[in-house]
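Quick mapping for you: the protein sequence lines, in order, are chains A and B.
Quick note on my numbering: the first sequence kicks off at 1 and runs consecutively.
Quick note on my numbering: the second sequence kicks off at 1 and runs consecutively.
What the hints contain is simulated information worked out from the structure, not anything from laboratory work.
A portion of the hints provided could be inaccurate.
Said to hold, decoys possible - Example chain A residues on the side facing chain B (calculated, C-beta under 8 Å, incomplete):
no. : residue
1   : Ser46
2   : Gln81
3   : Gln139
4   : Gly159
5   : Gly374
The structure displayed is predicted, hence computed values, not measured ones.
By construction, the Cβ of each residue, glycine as well, lies at the ideal position given by its N, Cα and C atoms.
If you want the building blocks of each chain, they are given just below.
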Amino acid sequence: MLAKSVIEDVLTAALQTGGDFAEVFAEDRFANTLLLRENKVEGSLSGRDFGIGIRVFKGFQSAYAYTTDGSKEGLLKAAYQAAAGIKGERNVTASPLVQEKIVSAHSIAAFPREVEKQRKADVMRKAYEIAKNYHSSIQQVGIRYLDEEQHVLIANSEGKFVEDKRVRSRLSIQSIASDGNQMQSGYYGPGAHQGFEFMESLDLNHYASEASRIAVTMLGADPCPSGKFPVIIDNEFGGVIFHEACGHGLEATSVAKGNSVFADQIGEKVASDVVTYIDDGTLANEWGSLAIDDEGEAARKNVLIENGILKGYLIDKLNGRRMGMPSTGSGRRQSYRFAPTSRMTNTYIANGKSTPAEIIANTEHGIYAKYMGGGQVNTTTGDYNFAVMEAYAVKDGKIGKPLRGATLIGNGPETLKLVDMVGNNLAHGAGMCGSLSGSLPVNVGQPMIRVSEMTVGGRKGEE
Amino acid sequence: MRIEDFQERVFQLGKQLGFTDMEIYTEKVESLGCKLYKGEIDSYQTSETLGVSFRGKMDGKMGYAYTENTDEDSVQYLVKEAKVNSLLIEEDVQEEIFKGSEQYGDHTFYSEELNDVSIEEKIEFLKEIEKEVYAFDERVTGTNTLSLSSSEKEKRLVNSNGLELKDRTNHIGLSVSVIVKQGKEVKNGVFSRVTRNYHSLAAKNVAEHAVKEALSKLNAESADSKNYSVILRNKAAAALLQTFSPIFSAEQIQKGQSLLKGRLGQKVAAEHVHIVDDPFYGDGVRSGNFDSEGYATRKKDVIKDGNLLTFLHNSITAKKDNVESTGNAYKASYKGTITVAPSNFYIIPAEKDLPDLVAQVGDGILVTSFSGLHSGTNTVSGDFSIAAGGFLIENGEIKTALKQMTVAGNFFDLLQQIEEVGSDLEFSLAFGSPSLLIKELAVTIE
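Construct the complete structure from the given sequences, taking the supplied hints into account.
This is the structure:
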């Protein structure tokens with residue numbers, strides 16, 4: 001993408017005002033989005049994102065400049081602009097760049113740019129047919145197809161020079177059901193760090209039917225009661241609760257300055273014994289997987305909580321300096337427009353010993369959250385909230401009537417201690433996570449779990 | 001290559017490949033931002049970017065593509081991809097490349113004064129805020145964010161039908177989040193504003209606002225979960241309005257995804273509710289003299305005296321409904337396709353200030369912030385169940401901070417249940433509202 005000699009000049013320029021570390025991140029990304037509604041392709045958009053981000057550190061200080069001008073002059077100008085954010089005299093020289101070869105665990109069979117768009121549209125049509133024909137109350141189905149090839153180059157003043165190509169594909173299905181009075185929607189959005197082979201092997205029957213089934217089920221649902229209940233959260237995307245309740249609080253972004261509720265807690269008991277929480281960017285071809293992070297560090301498996309004890313954080317280079325801890329391969333960014341910071345990849349609760357049937361049978365009166373919507377957390381206080389897409393009442397150990405409009409709120413550290421059962425059916429779900437360094441593909445995952453008490457908000461009022 | 005040359009090459013190649021009408025839209029953005037932490041600039045960021053989007057018509061279909069690279073490869077990429085994309089489109093109603101409106105507003109949304117503020121001055125300003133933050137109360141233990149960023153955007157729309165439009169805007173954004181601690185209780189308070197009027201920001205006021213908010217959240221208590229009269233404080237009300245603003249878009253109506261369908265001219269809100277869309281709002285972040293299709297923008301009443309007067313249209317939705325475009329064609333950036341969105345969209349303020357509303361409500365809840373608006377709301381049904389922060393009101397006075405709560409209701413019902421509109425209009429980006437007194441909402445408190 002850029003010549004080695006040019007990068008060396010840029011790194012040298014970036015260090016001229018006393019920086020002790022400089023980094024170049026270059027990106028060339030080709031993305032396609034297709035939208036199908038009422039069985040017609042309604043939108044098709046292609047784009048090429050191209051730009052370079054230059055970062056300089058001096059101690060805990062950082063300066064960042066980015067540009068879409070890839071000429072040598074453009075890059076040097078950006079390097080000077082970044083350097084202007086640091087005050088001092090040159091005292092570090094950039095090491096000669098040594099190309100690093102990476103072996104990616106995420107092999108790609110069919111690069112999206114080589115696949116005809118009609119074939120992509122055909123996948124969407126198939127999914128549409130399945131979702132639309134699921135039930136007579138399905139009024140509308142929208143299918144969104146997304147693929148991208150992101151070529152990145154990362155070089156720094158310590159001699160690192162590494163390139164990677166990341167390929168991602170995702171299909172989202174949204175079904176809307178109506179009974180004439182009200183409308184309800186259901187959604188499923190599987191994705192992978194894979195090419196078109198992902199679409200060809202995708203179980204469309206399952207995903208498209210589920211999206212419609214959720215919408216239809218919610219049409220017949222009662223408004224959710226509010227109050228405090230035991231809550232059973234099913235596997236896969238259910239893991240979004242821990243993503244919000246503790247994942248963000250374990251990112252160095254909030255830990256480094258001591259602002260997270262989990263700061264200075266390594267070795268302490270932060271969750272109940274049944275909780276083991278892991279972030280693993282190496283899982284083959286998963287949506288949140290990476291070969292290297294956006295600082296050029298190899299992705300790895302990081303155990304964050306083991307049997308309730310806090311073991312580690314997710315750390316990027318800059319925050320690592322403040323914490324006196326090395327990077328954990330967690331430096332990520334949406335694009336060259338963002339300086340990287342610590343972020344999650346594929347984060348999940350490890351399997352426990354209970355079977356899902358046992359968990360439900362053991363619950364006298366509570367709420368079963370089958371599919372989750374999104375959520376949000378305040379990492380300073382640990383307060384989180386998220387929406388439940390498909391919920392049910394649980395009574396006398398049995399799943400009862402469907403409920404709609406349930407929102408779960410709570411405090412991350414408190415909820416972690418209230419997890420009292422963990423199932424053995426671990427699965428992962430794809431999502432997008434928004435934070436300081438932009439919007440990123442991440443997986444959330446877990447087996448079925450039960451929280452002994454959560455606050456449930458709904459329209460019906462207290463039971 | 002130079003953007004003028006790039007544009008010429010694209011139109012040339014486009015014609016060769018069979019495009020009849022073509023448009024190039026470019027955005028050039030320069031930005032500068034910095035963050036302060038304990039007296040030091042710990043992060044500094046600058047950028048210069050150019051993005052180009054191409055739209056072209058072929059056999060009555062519109063193809064789109066964009067690029068951030070202006071080399072010869074990108075000329076080929078842009079035009080060829082747009083062609084492939086246009087061939088895929090199966091939608092009936094076609095977009096047009098517009099010849100231009102007869103007249104455009106000549107408002108200015110660029111502040112020379114803002115342009116003159118030096119980086120040193122900005123850093124000093126942040127340092128002053130930090131000093132005031134720590135001086136205000138000893139329970140302040142730190143800051144999450146203390147940042148200033150300014151940016152300048154130049155938009156240019158040129159098409160093969162002879163239209164050429166240009167616009168330049170700038171603004172500055174201030175974001176402050178402070179942390180207070182009392183015993184084991186930790187709370188944060190924020191101040192954020194985007195403006196062109198740099199001198200409207202005063203360090204002491206900013207610090208006081210953020211710290212007071214954080215302190216007010218201490219000693220949070222629980223209260224009964226039930227239906228309450230609720231005051232939505234201005235920014236919380238604006239955030240809710242923003243979340244549900246798609247219900248006013250003709251695009252959503254035509255897709256059958258808004259319950260306002262067929263309700264033009266009808267009473268959809270309480271009598272005293274008046275909502276406007278104002279592209280000329282002086283300090284608005286979405287102000288402009290033309291929209292993303294090149295149509296002249298204009299100010300309009302969307303709801304007046306509770307009656308729904310218009311939907312928001314671009315030329316595509318207008319054609320379907322056989323009306324005029326309202327100048328609300330919108331592209332999130334050059335990366336997007338044409339859709340419909342408000343410009344600066346707000347509820348016109350009335351007489352009473354917040355203390356008046358609190359006195360009027362007697363017993364109820366004051367909601368000061370919402371969280372998780374992207375997940376706890378359904379714009380199709382209007383249902384919402386959202387996490388919120390706020391206070392208990394008893395005997396016409398703010399009594400105590402409340403633990404985290406959820407507030408549930410339906411936006412279409414809420415519009416009808418606005419009992420009082422306050423006087424304290426405040427914007428959250430392009431959306432604004434004064435505080436609103438709502439007759440009843442279901443509240444669950446932790």
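How the hints compare with the structure:
Because the closest C-beta pair between A:Ser46 and chain B is about 4 Å apart, less than 8 Å, the hint holds. Annotation: interface hint on A:Gln81 holds; nearest CB of chain B at approximately 5 Å, less than 8 Å. The interface hint given for A:Gln139 is met, as the beta carbon of that residue sits about 7 Å from the closest beta carbon of chain B, less than 8 Å. The closest approach between the C-beta of A:Gly159 and any C-beta of chain B is roughly 25 Å, which is over the 8 Å cut-off, so the hint fails.
Proximity of A:Gly374 to chain B holds as hinted, the smallest CB-CB distance being about 3 Å (cut-off 8 Å).
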